[in-house]
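Trainee: Sequence lines, in order, name chains A, B and C. Under our numbering, the first residue of the first sequence is numbered 1156, with each subsequent residue one higher. Under our numbering, the first residue of the second sequence is numbered 8, with each subsequent residue one higher. Under our numbering, the first residue of the third sequence is numbered 69, with each subsequent residue one higher.
Everything labelled a hint here was simulated from the structure, so no lab data went into it. Fair warning: there could be bad hints in the mix.
[Stated by the list, open to error] In silico lysine-lysine, BS3-like type, Cα no more than 30 Å apart, as pairs:
1. A:Lys1286 - C:Lys78
2. C:Lys73 - A:Lys1308
3. A:Lys1170 - C:Lys73
4. A:Lys1308 - C:Lys78
5. A:Lys1294 - C:Lys80
6. A:Lys1431 - B:Lys96
7. C:Lys83 - B:Lys21
8. B:Lys206 - B:Lys178
9. A:Lys1411 - B:Lys178
10. B:Lys17 - A:Lys1308
11. A:Lys1238 - A:Lys1289
12. C:Lys92 - B:Lys21
13. A:Lys1289 - C:Lys92
14. C:Lys78 - C:Lys89
15. A:Lys1256 - A:Lys1167
16. B:Lys28 - C:Lys254
17. A:Lys1202 - C:Lys245
18. B:Lys301 - A:Lys1370
19. B:Lys268 - A:Lys1203
20. A:Lys1203 - A:Lys1238
21. A:Lys1308 - C:Lys254
22. A:Lys1370 - A:Lys1286
23. A:Lys1431 - B:Lys206
24. B:Lys23 - A:Lys1431
25. C:Lys92 - A:Lys1308
26. B:Lys23 - C:Lys80
27. A:Lys1245 - A:Lys1170
28. A:Lys1428 - B:Lys23
29. A:Lys1428 - B:Lys38
30. C:Lys89 - B:Lys28
31. C:Lys78 - A:Lys1245
32. A:Lys1431 - B:Lys17
33. B:Lys17 - B:Lys301
34. A:Lys1286 - C:Lys92
35. C:Lys89 - A:Lys1289
36. C:Lys83 - A:Lys1170
37. A:Lys1202 - B:Lys12
38. B:Lys23 - B:Lys96
39. C:Lys92 - A:Lys1294
40. B:Lys178 - A:Lys1418
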Amino acid sequence: MNNIANDIIEVKDLKVYFDMSRGFLEEILAKEKRQVKAVDGIDLNIKKGEIVSLVGESGSGKTTIGKAILHLVEKTGGNIFFKGEEIDPKNNKEMRLFRQKAQMIFQDPYQSLNPRDIIIDIISEPLEVNKLVKTEAEKRERVVRALEWAGLKPAEDYLYRYPHELSGGQRQRVAIAGALVLEPEFIVADEPVSMLDVSIRADILRLMLNQCRQKGTSYLFITHDLSLAWLISDRIATVYLGKIVEIGDARLMVGKSVHPYTKALVSVMPVPKVRKDRKMTILEGETPNPINIPSGCRFHPRCPNVMGKCRESEPELIEIEPGHFAACHLCSPHNINKKGPRS
Amino acid sequence: MDILKVRDLKTYFKIKAGTVKAVDGVSFTLKEGESLGLVGESGCGKTTIALSITQLLPPEGLIAGGEIYFEGTNLLKLNEEEIRAKRWKDISIIFQGAMNALNPVMRVGDQISEACVYHEGMSYDSARKRVKELFSLVEIDESRIDDYPHEFSGGMKQRAVIAMALACGPKIVIGDEPTTALDVMIQAQILQLLNRLRKEMDMSMIIITHDLSILGETCDKVAVVYAGKIVEIGEVETIYEEHTHPYTEKLVKAFPNIFGKREMTASIPGMPPNLINPPAGCRFHPRCEHATEKCRLVEPKLKLIGGEHYVACHLRGDNDE
Amino acid sequence: MENAKKAARKRKIRKFIESFKTNKMGMIGAIILGIFIFLAIFGPIIYPYDPMQFGTAKDVMAPPGPGRILGSDDMGRDVLGGLISGTRISLAVGILATIISMVVGTIIGVASGYYGGRTDAILMRFTDMFLVIPWLPLMLVLAAILGSSIWNIILVIGLTSWAGTARVVRAQALSIKERQFVERAKSIGADDRHIMVKHILPNVFPLVFANTILVSAVAILSETTLSFLGMGDPTHPSWGMMLHFAFESGAASVGAFWFLLPPGLCVVAVVLAFTFLGYAFDEILNPKLERR
């Protein structure tokens, strides 16, 4: 994280806590508010033209991280820098400019498009809201361009249709066109293919990849599917209970991951290949509720390599080799010297 | 020995717009103790096959032809009562999304014992004992028997649903998307559990899924279903490595292999056909890059091309006469 | 390109009409209502009638016969004529009162559902108040204070019947604001006003529409009740007013059924027609049942 000039997004110690809704009695008795620590102190940077993936199970807080970076949920603590500047969400002018530069692609193309609008109105909405076009002709031209980027050709065929008249894949392309129309520099893509049939996933992923390569757009790709993250991203971060437990080069994270959680995730990833010799590390139980985060290392109750120290102190994210960070006592410096991190 | 034999099954749905030929001439055999995967895109008819076997089709669905032999008896010849006796006891089904369909105001244990009481005429006490056995079988703590569904986590609910399917000691269990919507780690747990149960309880199993990549660890054989027909069937290794049907090839390549080379997965152009008016000839020809004139006109038959490997394709299989 | 936009809208309307045609209840309601609307608009032209034109002594409570198909009333006026001119008053009062109710209910419902929190709590307690206040005494009091002009009647009915609409709209707005397209709108920098007008309103509108029709039925009934109780505007005699006169003059006890029954049946028919239509629209437009 040294050359800030190149970072589109830099996040420092980001925290997002949600207040638990309290029952009527608790409210009256004024018990202390319980909080869900959805995101509990993460550092992350995304360079220009880079695709970084957040991989985690449901309840890991990965989507909340994405939304917090876009200021769609209020952060509890920490700093978020966009091109080196921290944005004040209360400053309308700054926010308006930021909203034009940073976009989100949502998971469900059936939900993210207003069913009562036609496609041209959906895609031109960001232009209208930000008053970026003056004439109908200009608006139409930009919508057509966005649709064609998103691979819907000829665009004229789609302009005046309703979302329900399109297939799932086409809808997700429309959603992407709606994000691209402002030519953003940064896009958060939240599970953009998980609702789609496998047969069309690759098209959507390729679209993102090409867009990133050709226009230098940076992406934060949020997914539960490690293999998709591995496929398209430059770096992968694994998230467990609101913390990044390991981050590094995408290839490295599959082949040479050091954190037991990442290793377990890799080991159970289904692949279209029969591997008789395959050793799976199937973790027991399920990710705990973020209301009661375990003491020490939050992963210790499910960790196959747990040590005494893990129950007491929380490991820091440390650099174990250039660009590869992990938060695990097994790879803390003196352990590396003794045992090596990849035991 | 063959425990289940499906021959030329045809299941149609009569709706306003016409007759949907959801399953149109499907044949396969399930051996005792074997596990078969039915895989295909959404709407290809894989769930309808399961519902035809258990005869739980919705009112607009009807079995238009074919035979389904279970241990030698044709299930389609039995009357409603005889079917009901076999359903659950001999063939049980884990419905898609069943874990979210548990009755929220009824204790999980009671919901499972209901099946025992109803199908086996057990007393309440012995049914409760049976539920405890089932809980330990699916690795849920016995003390959770009186919990309500909302006190169960997602993985535990799915285990409870599996326990329900096992309640009467069936010979065949059909799992319809048994791990969809579960996290990878829970998915791995459930698949491991199903594997173990199949071996311990000496069952046969049919796994229906859109996710071809989960079948490697769970199935012996895989049937690839496209537009109401089986286009290729064979051992799971064969389907993964030596598939010959262009659709199977695309489907396999649509899944990334993190232990292999990092290359972009394949997509299949176009969309699955409308099953009211399926295309003539091979149903896959409009999406197939190798399609020839013959593919447009003549429908390929499922042909044996070696071992237990069948394929329905003019290009790859020897499909002349 | 405006044509293409219109074509898209036309497709949608056509789809709506298609599904409406197959809805028997809706068709019956539409036909009955169509007849009454026709009468309200063209009736007075085809069958001129003056409520201030009283008959002679022999006309009083005369039974149906040649020249007066439905007999005459206690003032010797033609019942059929009164019925036809009453149609216009009853429908107008019902529809105008409903528009007031719809506008108030929608604004309160959308604001309450979208903003949530304190706004929601205050607006909904206010709504609850209107929901539980016995509306008939309230209307009587209001009508008595404001005086019984037809405009006051419309206002009073409109202001007492919006609470149900507000509740329904709020529930729908609550669920729509959680939909991803609202989040998307926020993520592109849209403000609250834009989101409410562009996203929430169009999506609650079908429900408001179906609800409105049901409220119309209630409004017409309310008007009838108020008029029957003597709070109506005597210069604009509606069906309720006819019933009022019939009751006052003892039409029931002298067996003058022709004076009593026709306005009663008309009220029943119109209320039924509105109810049928309302349910039909609800069936077609309700997003929960719409699922394509």
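Trainee: Decide, hint by hint, whether the structure agrees.
Mentor: We went through each hint and held it up to the structure:
Our distance criterion of 30 Å between C-alpha atoms is met by lysine 1286 of chain A and lysine 78 of chain C, whose separation comes to about 29 Å. For the suggested pair lysine 73 of chain C and lysine 1308 of chain A, the alpha carbons sit about 19 Å apart, so the restraint of at most 30 Å is met. Under the criterion of a C-alpha separation no larger than 30 Å, the hint pairing lysine 1170 of chain A with lysine 73 of chain C is inconsistent with the structure, at around 46 Å. Taking the CA atoms of lysine 1308 of chain A and lysine 78 of chain C, the gap is near 24 Å; set against the 30 Å cutoff, the hint holds.
Simply put, lysine 1294 of chain A and lysine 80 of chain C have alpha-carbon atoms about 24 Å apart, close enough for the 30 Å limit, and the pair holds. This hinted pair does not check out: lysine 1431 of chain A and lysine 96 of chain B have alpha carbons roughly 33 Å apart, beyond 30 Å. The hinted pair formed by lysine 83 of chain C and lysine 21 of chain B meets the criterion: a straight-line CA distance of about 22 Å does not exceed 30 Å. Taking the CA atoms of lysine 206 of chain B and lysine 178 of chain B, the gap is about 12 Å. The hint holds against a cut of 30 Å.
Between lysine 1411 of chain A and lysine 178 of chain B the alpha-carbon distance is near 43 Å, which puts this suggested pair outside the 30 Å criterion. Taken as a hint, the lysine 17 of chain B and lysine 1308 of chain A pair is broken in the structure, with Cα atoms around 38 Å apart against an allowance of 30 Å. With a C-alpha separation of about 28 Å, the suggested pair lysine 1238 of chain A and lysine 1289 of chain A falls inside the 30 Å cut-off, and the hint holds. About 23 Å separates the Cα atoms of lysine 92 of chain C and lysine 21 of chain B, which keeps this hinted pair within 30 Å; it holds.
With a CA separation close to 48 Å, the supplied pair lysine 1289 of chain A and lysine 92 of chain C exceeds the 30 Å bound. For the hint linking lysine 78 of chain C to lysine 89 of chain C, the alpha-carbon distance of about 16 Å falls within 30 Å, and the restraint holds. Between the alpha carbons of lysine 1256 of chain A and lysine 1167 of chain A the distance comes to roughly 20 Å, so the proposed pair stays at or under 30 Å and holds. About 44 Å separates the Cα atoms of lysine 28 of chain B and lysine 254 of chain C, which puts this hinted pair outside 30 Å; it is violated.
Between the alpha carbons of lysine 1202 of chain A and lysine 245 of chain C the distance comes to roughly 33 Å, so the proposed pair goes past 30 Å and is violated. Restraint check: the Cα-Cα separation between lysine 301 of chain B and lysine 1370 of chain A comes to about 44 Å, which exceeds 30 Å; the hinted pair is violated. Among the hinted pairs, lysine 268 of chain B with lysine 1203 of chain A is consistent with the structure: their alpha-carbon atoms are about 26 Å apart, no more than 30 Å. Distance hint between lysine 1203 of chain A and lysine 1238 of chain A is fulfilled; the C-alpha atoms sit about 9 Å from each other, no more than 30 Å.
This hinted pair checks out: lysine 1308 of chain A and lysine 254 of chain C have alpha carbons roughly 28 Å apart, not beyond 30 Å. Distance hint between lysine 1370 of chain A and lysine 1286 of chain A is fulfilled; the C-alpha atoms sit about 23 Å from each other, no more than 30 Å. Straight-line distance between C-alpha atoms of lysine 1431 of chain A and lysine 206 of chain B comes to about 17 Å, which keeps the hinted pair within the 30 Å bound. Simply put, lysine 23 of chain B and lysine 1431 of chain A have alpha-carbon atoms about 49 Å apart, too far for the 30 Å limit, and the pair is violated.
Distance restraint check for lysine 92 of chain C and lysine 1308 of chain A: the Cα-Cα separation of roughly 43 Å exceeds the 30 Å cut-off, and the hinted pair is therefore not satisfied. Taking the CA atoms of lysine 23 of chain B and lysine 80 of chain C, the gap is about 20 Å. The hint holds against a cut of 30 Å. Restraint check for lysine 1245 of chain A and lysine 1170 of chain A: the C-alpha separation of about 18 Å stays at or below 30 Å, so the hint holds. Pair hint lysine 1428 of chain A plus lysine 23 of chain B does not hold up; C-alpha atoms about 43 Å apart against a cutoff of 30 Å.
In summary, the hint linking lysine 1428 of chain A to lysine 38 of chain B is supported, as the alpha carbons are separated by about 23 Å, within the 30 Å threshold. The suggested pairing of lysine 89 of chain C with lysine 28 of chain B holds, with an alpha-carbon distance near 29 Å, which does not exceed 30 Å. A threshold of 30 Å between alpha carbons decides the hint, and for lysine 78 of chain C with lysine 1245 of chain A the separation of about 43 Å lies outside it, so the pair is violated. At roughly 37 Å between alpha-carbon atoms, lysine 1431 of chain A and lysine 17 of chain B are farther apart than 30 Å, so this suggested pair is violated.
Between the alpha carbons of lysine 17 of chain B and lysine 301 of chain B the distance comes to roughly 24 Å, so the proposed pair stays at or under 30 Å and holds. At roughly 47 Å between alpha-carbon atoms, lysine 1286 of chain A and lysine 92 of chain C are farther apart than 30 Å, so this suggested pair is violated. Between lysine 89 of chain C and lysine 1289 of chain A, the direct Cα distance comes to roughly 43 Å. Violation of the 30 Å bound is thereby established for this hinted pair. Between the alpha carbons of lysine 83 of chain C and lysine 1170 of chain A the distance comes to roughly 49 Å, so the proposed pair goes past 30 Å and is violated.
Proposed proximity of lysine 1202 of chain A and lysine 12 of chain B is contradicted: the alpha carbons are some 58 Å apart, above 30 Å. Between the alpha carbons of lysine 23 of chain B and lysine 96 of chain B the distance comes to roughly 36 Å, so the proposed pair goes past 30 Å and is violated. Straight-line distance between C-alpha atoms of lysine 92 of chain C and lysine 1294 of chain A comes to about 44 Å, which puts the hinted pair past the 30 Å bound. Under the criterion of a C-alpha separation no larger than 30 Å, the hint pairing lysine 178 of chain B with lysine 1418 of chain A is inconsistent with the structure, at around 37 Å.
Of the numbered hints given earlier, the model fails hints 3, 6, 9, 10, 13, 16, 17, 18, 24, 25, 28, 31, 32, 34, 35, 36, 37, 38, 39, 40; all others are met.
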